[in-house]
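Residue numbers (this note's numbering), protein chains in the order written: chain P, 1 to 309; chain B, 1 to 295.
What the hints contain is simulated information worked out from the structure, not anything from laboratory work. Remember, it's a predicted structure, so these values are computed and weren't measured experimentally. All residues carry an ideal CB built from backbone N, CA and C; glycine is no exception.
Listed next, the in silico EDC-like pairs over lysine to aspartate or glutamate satisfying Cα-Cα at most 20 Å (straight line): (1) P:K219 with P:E202; (2) B:K3 with P:D210; (3) B:K3 with P:E205; (4) B:K107 with B:D97; (5) B:K3 with P:D220; (6) B:K3 with P:E202; (7) B:K107 with P:E306; (8) B:K185 with B:D97; (9) P:K168 with P:E135; (10) P:K219 with P:E205; (11) P:K168 with P:D155; (12) P:K219 with P:D201; (13) B:K3 with P:D201; (14) P:K168 with P:D149.
Residues from chain P that keep clear of chain B, each with C-beta distances beyond 10 Å, as calculated: (15) N71; (16) P73; (17) D155; (18) V157; (19) A158; (20) D220.
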Amino acid sequence: MVENRRWQALIGHAVLILGVVVVFFPIYVAFVASSHDLRTIAQAPMPMLPGAHLWDNYVRAITSGSESAGNAPVGTMLWNSFVMAMVIAVAKIAISLLSAFAIVYFRFPFRMGFFWMIFITLMLPVEVRIVPTYEVAANALAPIQHLLDAVGITDAVAWLFSIEIALKWNMLDTFAGLTIPLIASATATFLFRQVFMTVPDELAEAARMDGAGPLRFFKDILLPLSRTNIAALFVILFIYGWNQYLWPLLITDNLLTVQIGLNRMLAVGDGQVDWPIAMATTILAMIPPVLVVVFMQRWFVKGLIESEK
Amino acid sequence: MQKRVTFNSRTLPYLLVAPQILITLLFFIWPAIQAVGQSFQREDPFGLRTAFVWFDNYIRLFGDPFYYHSIQITLVFSLLVTLLSMGVALFLATMADRVIRGATGYKTLLIAPYAIAPVIAGVLWLFMFQPTIGIVAYMLDQLGYDWNYHVHGNEAMMLVILAAAWKQISYNFLFFLAGLQAIPKSLIEAAAIDGASPTRRFWTIIFPLLSPTTFFLLVVNIVYAFFDTFGIIDAVTSGGPGSPGATNILVYKVYSDGFVGLDLGGSSAQSVVLMIIVIALTVVQFRYIERRVHY
Numbered sequence: 001m002v003e004n005r006r007w008q009a010l011i012g013h014a015v016l017i018l019g020v021v022v023v024f025f026p027i028y029v030a031f032v033a034s035s036h037d038l039r040t041i042a043q044a045p046m047p048m049l050p051g052a053h054l055w056d057n058y059v060r061a062i063t064s065g066s067e068s069a070g071n072a073p074v075g076t077m078l079w080n081s082f083v084m085a086m087v088i089a090v091a092k093i094a095i096s097l098l099s100a101f102a103i104v105y106f107r108f109p110f111r112m113g114f115f116w117m118i119f120i121t122l123m124l125p126v127e128v129r130i131v132p133t134y135e136v137a138a139n140a141l142a143p144i145q146h147l148l149d150a151v152g153i154t155d156a157v158a159w160l161f162s163i164e165i166a167l168k169w170n171m172l173d174t175f176a177g178l179t180i181p182l183i184a185s186a187t188a189t190f191l192f193r194q195v196f197m198t199v200p201d202e203l204a205e206a207a208r209m210d211g212a213g214p215l216r217f218f219k220d221i222l223l224p225l226s227r228t229n230i231a232a233l234f235v236i237l238f239i240y241g242w243n244q245y246l247w248p249l250l251i252t253d254n255l256l257t258v259q260i261g262l263n264r265m266l267a268v269g270d271g272q273v274d275w276p277i278a279m280a281t282t283i284l285a286m287i288p289p290v291l292v293v294v295f296m297q298r299w300f301v302k303g304l305i306e307s308e309k
Numbered sequence: 001m002q003k004r005v006t007f008n009s010r011t012l013p014y015l016l017v018a019p020q021i022l023i024t025l026l027f028f029i030w031p032a033i034q035a036v037g038q039s040f041q042r043e044d045p046f047g048l049r050t051a052f053v054w055f056d057n058y059i060r061l062f063g064d065p066f067y068y069h070s071i072q073i074t075l076v077f078s079l080l081v082t083l084l085s086m087g088v089a090l091f092l093a094t095m096a097d098r099v100i101r102g103a104t105g106y107k108t109l110l111i112a113p114y115a116i117a118p119v120i121a122g123v124l125w126l127f128m129f130q131p132t133i134g135i136v137a138y139m140l141d142q143l144g145y146d147w148n149y150h151v152h153g154n155e156a157m158m159l160v161i162l163a164a165a166w167k168q169i170s171y172n173f174l175f176f177l178a179g180l181q182a183i184p185k186s187l188i189e190a191a192a193i194d195g196a197s198p199t200r201r202f203w204t205i206i207f208p209l210l211s212p213t214t215f216f217l218l219v220v221n222i223v224y225a226f227f228d229t230f231g232i233i234d235a236v237t238s239g240g241p242g243s244p245g246a247t248n249i250l251v252y253k254v255y256s257d258g259f260v261g262l263d264l265g266g267s268s269a270q271s272v273v274l275m276i277i278v279i280a281l282t283v284v285q286f287r288y289i290e291r292r293v294h295y
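The following block holds chain P by itself, in its conformation from the complex (with noise of 0.2 Å):
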């Protein structure tokens, strides 16, 4: 170009380490904050260089957590958190994968209709539907009970055998109610009828011709196939589920996730915050899905771009 091409690199350079050296800093201050004891950090201003208590914070952090909040360990967090993501993005990979086989590959009725119903889910997050979400929960066979007492059952069977049918099934506080009702996801569905839609009808014709069931076609070639868009919406979806806040706040009390069990470390008030105890909890909470961007990059772009569309 007509500029000086080293000056423009050389001010590129400057402002791009600016830039990561603001977005690292709040980073760089909680993790100089989780290598004091609490007394240097309590006096402002804190240091701003790591002290030496970096590994004492760090085990007492995992083994026992913090004393203000009631000495739940973040390890046991950590681990809650991992199988909570485990599963949310393993089981929405599934069953997403499976709703668009159907769609794409069967003609039935109602096909529209189930594509339309998994299309709303788009526009109905948690955020908007908290306190009747959080009732399902409570009881998820509350919607079969009141379609059994519309329809007029309940009464029918209680005069005829004099037994009231009260249906329960309490997913508080559990695991199954961490992630079921998270892992619908229209998002992938449509990303799926997207990888299927360009596999060569050829493929599914050979099959035909060979003898395999639609499931054994399913299993030998569509999967293979779209192992890369699997594998990058892993990415996506354990990120997504790792950073999960609304609906574990909602309905776990023991069951703490490390999101949920750092807010109530804060929540014991400003003076009994055990600083460096929650800032090591803090950076813990992060390293595994960081980790998973950086060292899956390729993948993690892919799935970003891919579930965008």
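The hints should help you fit chain B onto chain P, whose structure is shown.
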């Protein structure tokens, strides 16, 4: 929409869609219907009886100055988060597009905050600005500024905006960089030969060519600011400080009125209003994806 070659089975397709559909019905559609139903009802304080009250909850909602306040601050919040994070991201992306060596390195570093949960982002910023021990609060204090976001509403607002925008920079940066890299270099070189300055080239060529990306990000960022910032608000301010709640944005108000305040009818009416907002935003997003912005 569908393949020419299909399989035949009476029951299999239903079994395949069953898990997805059951969860959708149970945890999405049923609660949504309930929310709409409850928004027309009012419970007595003991939760013993409910009465059908037509549009009373909505009339009460839209007659409530606190609700208008919440709408107002949600708009201010979303607008500033969007502008700030998109502005910074575009600036950084232009620079990254310019440097040839090391661009991937910067990219790797700058996308890290995307992976951080909103609530964690909130905690990071809260810690720096914590009035008694926060490092930035200390610096402000040294400069003679009395910083205390527990008391001053506008400072609390600024803090949640910073945290929310910070987290979203990664996402915007990635998409802006991809958009910039897709612009043919020959166009920019031609303009440079014609003597257009870098600034002029940016505003007359690059920025218009980026408009599809910009518009897409605008919608995504507004959705983010409206719905995904709950964790930041909850961690940093819990909707406060003060009585109309200086940072009590719409999603937080639904939660605090319904779950903490136990006003089911009022909270459901707010849910329904939010649903309409989401539907509108989704429609905008999808229409746009069908026909990209033309230039």
